[in-house]
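Novice: Now for the letters of each chain:
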Amino acid sequence: MSVSAPDIPAKPKRGFRLDLKTVGPLLALALLVLLGISLNENFLSYNNLTNVLARSSFIGIIAIGATFVITAGGLDLSVGSMAAVIAGVMIMVMNWLIPTMGIGWGVVIAGMATGILLGGVAGVFNGTMITRGRIEAFIVTLGTMGIFRSLVTFLADGGTLSLNFQVADVYRPVYYAGLLGVPWPIIVFALVAIGGEVVMRYTAFGRYCAAIGSNEQVARYSSINVDNVRLMTYILQGVLVGVAVLLYVPRLGSASSTTGVLWELEAIAGVIIGGTTLKGGYGRIWGTVVGVVILGLIGNILNLQSLISPYLNGAFQGVIIILAVLLQRGRKNA
Amino acid sequence: MKLAKTLLASAVIAGGLMGSVFAQDKVTIGVSVPAADHGWTGGVNYFAQQAITRLSTTYPNVEFVFASAPDAPKQIADIEDMVSTRGIDALVILPGDPDAMTSAIKQVKDGGKFVTVVDRQLSIDGVEDLYVAGDNPGLGANAAAYIKEQLPEGGNIVILRGLPIPIDQQRFDGFMSGIEGSNIKVLDDEFANWNRDDGFKVMQDFLTRFPDIKAVWTQDDDISLGAIEAIKQAGREGEMFIVGGAGMQQILQAVADGSALTPVDVSYSPAMIATAIELTTSHLVGGIHVDGRYILDSTLITKDNAAEFLDPASPF
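Protein sequences, first through last, are from chains B and G. Here this note's numbering runs 340 ahead of the position in the first sequence, where the first position is 1. Here this note's numbering runs 13 ahead of the position in the second sequence, where the first position is 1.
Only chain G is shown next, with the shape it has when bound in the complex:
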């Protein structure tokens, strides 16, 4: 047993050394994302791995180190390991909790690596070389504009929010300023944690509490799927419509089919991680200059343009 352990330990050390020897001729890019704890992060993991497979074939001299972490301490440990044992030249990171990770990411940057931050803004400006994200205030504003257009006379609506983190606040603020001045009344908002089961529960209780609801803004398609079941159970699908967000295939299909309950969706694609990995790779390999902020639009998806967003291969 002891021998086995020693052998194993030596193998690990040897492996580590070999890794750094091989890394000399190569460009190594670290990719760190949060674990697939809901549909959207599941999509992030899928699109990241897909981009890595594709780019590894295109650029044989680029090596990717991929890690997915359930929480901030593990994600910090991941990027420390990437720097110290895998010798990365660049880091593409979607920080699970951006505030907790800012100083760790700054250390990578101070070590002279190229840093790309995806989706979530760090708490200090100017750490990252490249920032790739969706438009969170835009996601709220587009949903608000659609609801305002559908309810010109105004009406009662409810909001199912995500988790209490900055993204959610940006979306919420974008939405609230979007409906400002209209007769739309927000009866209440509750957190549904970007989760189907919580979407179901919160919507069930909203339905119990409010006899008159004209529209529901869930800002996320996982929440929408739970809310849809609750509305169907109550038999009130004729009274209201839902505006979600993110562009999950199941909802997009319903939009394309002209569903009355989910007539539209607002895009916020987890594929943004692939865009970030590609931009970073072309910068390191192709010498193409990239820096600054790349904001992907949060487009309103309707029956007319839903086909452009449908992708049967996507798990999200």
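Just chain B, same shape as in the assembly:
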């Protein structure tokens, strides 16, 4: 994509000076946590923390996929609409299977498989159009964003698709229950994050992504199959959107045209706050996790106080996002 000089992460400075690029996101997170504690004594309660993390897990899992796409110099704007259409089709498939399969885990597992499969197919479509069709990622995914959004509106007939109540009861624990008191969404988010970190750092695929994002020509001359690696990042993104939806559907048991609105921007914001560069070449999975948690905490803190007028919620959010990135970039040229 870009042929400009690769953006190599600054080498850590010797001595006691903190490397802001690494510590930046953590510092922003710590400041937010302090703000939260000072505003409300329930902020650090176990329930509040699990609420926020479970709520952030959808965006988080999607953002981990987005980290790979962005690192390889791509972009996927369709993830929010994709999530909505996957949720809609999953609900329809599960409702449709009830007469043949009865109420039970069988239906739910079939629904989950549908979700993952659909995500993969959507990823193949985005990736193929970008790599084989030679269309800019921005345009392809802007197009599919509109297509997926209209599809879910059409499938829901402008209204809301609701999962059969009995199946919803079977499925419900996937969001609300957990292991040793940790809700499933948080566990899945953690596993996906650890897996992502390993793939990004210790596998050839992860290094290929960074190489392509930093200089596509050089990557090509180094006999990296650029198109295939790119395609893989979009498929991975699609599958992870599917995984996120598996956890989202049991929460409210419904999908409508408002499902997943602006998730793509939240995911991209999480990735960038975490230190991945938007033009590609350098990606950091743990940073993305921190970035997404920061975004989740902003919403939580706004609801836990009444000092800031609700009309200004967006402004507060904007200030924190800019500050979080400023913390890691500010001194770079000083």
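In case anyone wonders, no lab produced these hints; they're calculated from the structure. C-beta: ideal position from N, C-alpha, C; glycine also. Where hints are given, some of them may not hold.
Interface residues of chain B toward chain G, partial, derived using beta-carbon atoms under 8 Å [what the hints assert, rightly or not]:
{"hint": "1", "residue": "Ser378"}
{"hint": "2", "residue": "Asn388"}
{"hint": "3", "residue": "Thr390"}
{"hint": "4", "residue": "Gly499"}
{"hint": "5", "residue": "Tyr516"}
{"hint": "6", "residue": "Ala517"}
{"hint": "7", "residue": "Gly535"}
{"hint": "8", "residue": "Glu537"}
{"hint": "9", "residue": "Leu592"}
{"hint": "10", "residue": "Asn643"}
{"hint": "11", "residue": "Leu644"}
{"hint": "12", "residue": "Gln657"}
So, partial list: chain B residues that the calculated Cβ filter (under 8 Å) puts toward chain G [to be verified]:
{"hint": "13", "residue": "Ser385"}
{"hint": "14", "residue": "Asn387"}
{"hint": "15", "residue": "Asn504"}
{"hint": "16", "residue": "Arg591"}
{"hint": "17", "residue": "Ser596"}
{"hint": "18", "residue": "Ser649"}
{"hint": "19", "residue": "Tyr651"}
Add chain G to chain B, keeping to what the hints say.
Specialist: Showing chain G alone in chain B's frame:
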């Protein structure tokens, strides 16, 4: 390729001309609504299309042009196209953002068309011939009256609001003046954007923050559905009740079944668009004189009268 494009262009132009030729003998009514971006507007789209199908069969000489737009600029473009290419005689419009659209709608009116505005008031008075809407201050006042009656000693409540637009303000003001003088204390109010996911999040955080909540006013059933899940998750469904609004089937069913968590609802039906289309059609075709303001009551729906509002065919 180029040939195909030229052919396509000519077909479009020919189509446009034919359309206006046919329109000569007919009465054409344009219907413009916002896109189905939440449950209520989904209902608006459904009831508008249903009314159009029904009226097209009843009056074969009436043609309807229907458009649904995601934002104000697109909706303005829609009505401009309706006037210039489809030759509409009347416009029924539910403006997504009434302030942004007032001057565009005034132009249609100045062009001599009959204009019906639905649900949302324009920023200048006297533009529309007919105004059909629900009672927003009434929606707030009825909810307030019920909560006051249920909590005679007073108590703590929270409010989940919609989007920061005039409708929401009217509802909020109606509610606040309704509870004035009572011992009911509003702990906080936050916007939940008429959306289930936001209803869930805001309610979760209110539950974290306030150990004592007696009632929740969400003024919208989509928000209620999210809030219900959050309350169930916290296991506090025995402590409080929710008053929503709009009359969504799922909530109405719960009201009819005597739910303790959602004992009542306040109507604000998206079917008002159908009323508006019917009134406009009878004015143009039947020569029945209609103008002024038609305000549909925001009735309190309880276990006793819920059956009247249930409609299994409605998607909302």
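Novice: Tell me, in ascending order, the numbers of any earlier hints that this structure violates.
Specialist: 1, 3, 6, 7, 8, 12, 15, 18
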